[in-house]
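Peer 1: Residue strings, one per chain:
Number of protein chains: 2
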Amino acid sequence: MRLEEIGEFGLIERIRQLVGEASTQVSLGIGDDGAIWQPAEGKDLVFSCDTQVEGRHFLPFDQHPWQDATSVGRRCVQVNVSDLAAMAAKPRFALVSLGLPKYCNVDDIEMMYRAIVDACQPCQLDIIGGNITSTSGPMFIDMTVAGEVERGQARLRGGAKVGDRIGVTGFPGTSAAALSCLLWQCETEQYDERWRALCRHYLAPTARWELGIRLGTLAHALIDISDGLFSDLGHVLGASGVGANLFRHSLPYASELLDYCQMRGIEADSFLMGASDDYELLLTATPEASEEISRICEEDGLALHWIGELTEERGIRLFDEEGEGELIEPRGWKHF
Amino acid sequence: MRLEEIGEFGLIERIRQLVGEASTQVSLGIGDDGAIWQPAEGKDLVFSCDTQVEGRHFLPFDQHPWQDATSVGRRCVQVNVSDLAAMAAKPRFALVSLGLPKYCNVDDIEMMYRAIVDACQPCQLDIIGGNITSTSGPMFIDMTVAGEVERGQARLRGGAKVGDRIGVTGFPGTSAAALSCLLWQCETEQYDERWRALCRHYLAPTARWELGIRLGTLAHALIDISDGLFSDLGHVLGASGVGANLFRHSLPYASELLDYCQMRGIEADSFLMGASDDYELLLTATPEASEEISRICEEDGLALHWIGELTEERGIRLFDEEGEGELIEPRGWKHF
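Protein sequences appear in the order of chains A and B. When we follow this note's numbering, the leftmost residue of the first sequence carries the number 1, and every step to the right adds one. When we follow this note's numbering, the leftmost residue of the second sequence carries the number 337, and every step to the right adds one.
Treat the hints with care, as some may be off.
Claimed, not checked - Once the Cα atoms are required to be at most 30 Å apart in a straight line, the calculated DSBU-like pairs of lysine-lysine come out as: (1) B:Lys497 - B:Lys379; (2) B:Lys497 - A:Lys43; (3) B:Lys379 - A:Lys102; (4) A:Lys161 - A:Lys43.
By construction, these hints were calculated from the structure, which means they are not laboratory data. The structure displayed is predicted, hence computed values, not measured ones.
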């Protein structure tokens, strides 16, 4: 069934049924000119928004057998929730704005929306409203998300202090490598199961919202590395007025990334140090707090690596095992 | 200068300078993973979002001499603020999400953003964050806006009561007539100043946020008529479980709309009763409250017409001067 057959209000009705019951702080959900949220006393609200555009942030629905409407919907939520995690805020509510071409298949849109709802559930993110419009161009999904945090306790980029250790969750660069692999698969039309695990880093990322909440004030600075590890580290350093020494032997290279790089003859560092939309957290903390953070991550079964430390001297220096340091120029995601 | 020359971060820096100082409830604005809002005690927050897509909600920048980047930016704010007005909420903050093709001219984007900032100022709407992404397709601007209202005091569609009078601000249908005129001008390449006033209804609407705030609890039900007068009246009736009698002689026909209809040989009712994105308010109120509302509108120099009353019997009946009634089928905006 094509979208024009059920129209905007038909789709809204289906979405309303998918969304279901909301938290008691949602006085009014989908269906009026606006939605109503009852803020809790003593809390701050953290807001962020992020857009996924067809052909830019996800492949058109029929282009790759491992990507469908479900993976697009799920990814969309993770991308947004990651920004709340990066402020140590608890996800609370969202507005979902869809731009849909007329040729859209209603089943695909419903499947995608169901995936959005399903991905919102574990982190208790209520969809309270949104918008649907038609577009002649590529489909897009713009989400605005809100999280709650104790007043004044949100973690910022600018809180890093000299002497802090620098930690990063997961395996930076794997999302960029996965996208490279997906596009290469489309080109060669070979979808070897061997690359499934790598591709999941792009197709099915998991935002670190649970860690974000648990970290609370343990971290001095917090950011997600959606622009790329080095680029986002650069944002923390810039905002905090400090520099960093990194240790090459501590950088976490995922085995699936190394396998892919070897097969294609690509330098692994081009992914790990370049633009990569990994929805992982970069944090800085005192050596004492970092031990507690390691314990939390171990408890949660979450990979965390301490890759360096903050210095008074500006810039990023990468040291090899012989203790030789080189100054690194951060390279991140370029939209234009 | 083209967008790719300054890049995403270059544009964000320009935007940050345009946005300037914010209210004290904005603990953190543009520049981190999220923005932080300090909710006030005893208030509810009302949220809404709306997208403007190039070629759909506004003409491409060089298509009509009366529309430029400034009018697009200004319109975008009005469209969004109108939803807050329709809940009787005071505009407070916004997130602005841009989808920009690479070919965009930076001057146009800056001009548009300056217009967004300028339009936010009178209603004290702070831009606290947003997103910028590239798109291969038409440009889009998705705004999420938040308003504040005393706890439990937001006005909904479902509050209308039998015996209420039905009021509407402005001149419904003028936006649709204006769009028709703009497209006709593009086609004939004749831009007669005679139609300037009509076209302003589409190019430069003014959301009724001041009235929304002043109305407070005086209105039983409130909605903006962005889908069309009859369609949105239908939404109020459906949500409230009532019907309406309308009086033809009370319907407000703008003289510029009548002139245009006469010149083109179009039925004026096709605009007034059809789909038209007028950012005006439709409200229902007791006969006593309606007098007070008339007084407020007169004070503010705002056109307000009482066009009918609510009945127990469902449906919309339109009565002519002889007292003959006919049942009307609401027709509104169809996105797909």
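Peer 1: Taking the hints in turn, state whether each one holds.
Peer 2: Against the structure, the hints come out as follows:
In summary, the hint linking Lys497 of chain B to Lys379 of chain B is supported, as the alpha carbons are separated by about 26 Å, within the 30 Å threshold. Between the alpha carbons of Lys497 of chain B and Lys43 of chain A the distance comes to roughly 37 Å, so the proposed pair goes past 30 Å and is violated. Using a Cα cut-off of 30 Å, the hinted pair Lys379 of chain B and Lys102 of chain A is violated, with the two alpha carbons roughly 40 Å apart. Among the hinted pairs, Lys161 of chain A with Lys43 of chain A is consistent with the structure: their alpha-carbon atoms are about 26 Å apart, no more than 30 Å.
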